[in-house]
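Turn these sequences into a full structure, and let the hints steer you where they fit.
Each chain, written out:
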Amino acid sequence: MGARGRSPAAGAARPLRTLLVANRGEIAVRVIRAAREMGIRSVAAHAEDDAGALFVEIADDARLLPGESPSRTYLSAEAICRAALDAGADAVHPGYGFLAESAGFARAVREAGLVFVGPPLEAMALVGSKVAAKALAEKAGVPTVPWAAVEGHGEKEISRAAAKIGYPLLVKASAGGGGKGMRVVAREAELLEAVRIARVEAAAAFGDGEVFLERALSGPRHVEIQILGDAGGRAIAFPERECSIQRRHQKILEESPSVAVGADLRARLEEAAVAIAESSGYVGAGTVEFLLDAGGSFYFLEVNARLQVEHPVTEAVTGIDLVAWQLRLAAGEALPPGLSGLAPRGHAIECRLNAEDPAQGFLPSAGRIERLLLPTGPGVRVDTGVREGDLVATRYDPLIAKVIAWAEDRPAAIRRIRRALRETVLLGITSNAEFLGALVDHPAFARAETTTDFLTRHGDAMVAQQEPRETDLAAIALFEAYQRSAPGMAGGRDAGVPGSGIDPWDGAPGFRCGS
Amino acid sequence: MRIRVLLAGRERAVEVTRLAPDRFRIEVDGVRSEVTATLGADGSIRFMGAAGAGRAIGAAKGNSRQLWIDGRTVRYEVLRGARASGHAREHDLKSPAPGVVAEVHARAGTRVRKGEKLVVLESMKMFFSVLAPRDGRVERVLCARGDTVDAGVLLVELTDENGGA
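Order-wise, the sequence lines are chains D and L.
With the first letter of the first sequence counted as 1, position 210 gets the number 322 in this note's numbering; the numbers rise by one all the way through.
With the first letter of the second sequence counted as 1, position 153 gets the number 157 in this note's numbering; the numbers rise by one all the way through.
Covered stretches of chain D (chain L as the covering partner; in silico rule of three or more C-beta atoms under 8 Å from a C-beta of chain L):
{"#": "1", "region": "479-489"}
{"#": "2", "region": "545-555"}
{"#": "3", "region": "583-597"}
In short, the hints are calculated from the structure, not lab data.
Owing to the predicted nature of the structure, the values given are computational and were not obtained by experimental measurement.
Glycine included, C-beta positions come from ideal geometry on N, C-alpha and C.
Take a look at the structure:
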């Protein structure tokens, strides 16, 4: 037991007792629930403005991370480790985002003598750099999108490498993600300037200015394979997720399986993902991302060394609890043989309900959630970290809830997610709820023409302001009438008419007796 | 009552009259229709009328509204201020509380003085006199003895003594 800070070897399982969740919102709730089901005590580490949040309320214990800016709270390895030790935790789950893929954080957690629920440092280093990951993939015999390194090359060499790749191409940050430090180059004249700017952006955003060139595929699909690895060096893969529908390089709808992937292609994707995972010594949950072109060829893109937002669609079609497996693998358990080679059962679709305004370029919105009614019923799962009355701040992720629908096949899953979205009431802030409704209603989505440029091609139709319907004015009249005759009943938390000085009976609805 | 809103960039006016606790008359652009509606304990409104049926849930912030109507969220602004002429409803007499009409003293066509007792309402075992808010003429009497009324419903319509509405 002396090597408490290291990943225990397979077979030497040491159950976790107390887990600190170094995250907030829906993912903190998700992790706390998994921990509770496994008999593990949970500790929420939270910023002051989250003191009343759902994840803090449901955790067994809570520690305040002092300070206002996220850099002092959810992004402070030091504050989180101190909270973990103070609460008597023996493990830390980083969730996604914040410090989830920070090797520095993983090291700090392990140096504090705690288990980090994530891959070993060596694996993080191998997959954390896109350039290193591409080399790893190539060594494992997995095709990559044609690319070229830029570091250490002169202008002439860069131009020559770009010509070999062909235009249009992308300049990407090796340490990057989320579209930051990425530039599209349409022709040679723009190349060197784009490389220069991307380097500056990458250095500013990630503290690492390394960039590389990559061919821009036209109309690809984004497919990814969920992997689990154990400390014994074994990795397994799960059926693909398709996450082609993105805005600003961020996913908004994910599904599993992909209509573009048959059993044969699935087997090859899974084989490639396992090869990459095993050659990097991966332990825990991770995702290997690929681009799939129209001809059915796939190319390795990158590895996400963490749990992903869209993990529930995999859980829906496999019945596996991925968070529970993260915790088991972190405790040193080995993967059982029966877990691999699962065929997807039915079809699952996840929509991300965000506090953002699609009509204004998905600008994040803030405010108090006045009304929140989330869908339920057969085949519907909702993961959320908020409740009615909560404040939504723009300093954090705009995710309000993930609505996941499962059904026997894709058309049934579309009908179900449509029903679930129609049931969703989110008032008080601006959300993308209607945008999502229009998205799942779109004929091109029904035809599964889901390439990464889907929203570029069809997004305008989804933000177009809809013409009011005939019943709208009747509903408005009724709401206003109730609002004035019974303030507080129909209007949520701010039902009054502040500052108007209007007598409640003034303008109240008329009544004709005896009719 | 007349409601003016800004909806999808257009100013719209609706006239709504409560005919019975669950029946409303709605007039939009000169077209009248009747709607049955109930307000649920959770603040949701169920309605049914010639134009269609549905469920609505709203949130108010100042004059801004978000109204969820069967899966769509409609946004609008309530327009206040200068009222259109012919709708000087502030002179009308409304029931101050839910109750039963015990006495009716007002008669259509008669002149009344400010402070004159027009209606007596029984509510929670007490009697409330509803007085004329000003001098005027009774245009219509909208209630009768024994009627059950909600708070805020119109009991008597008054016009100016000089005939102006």
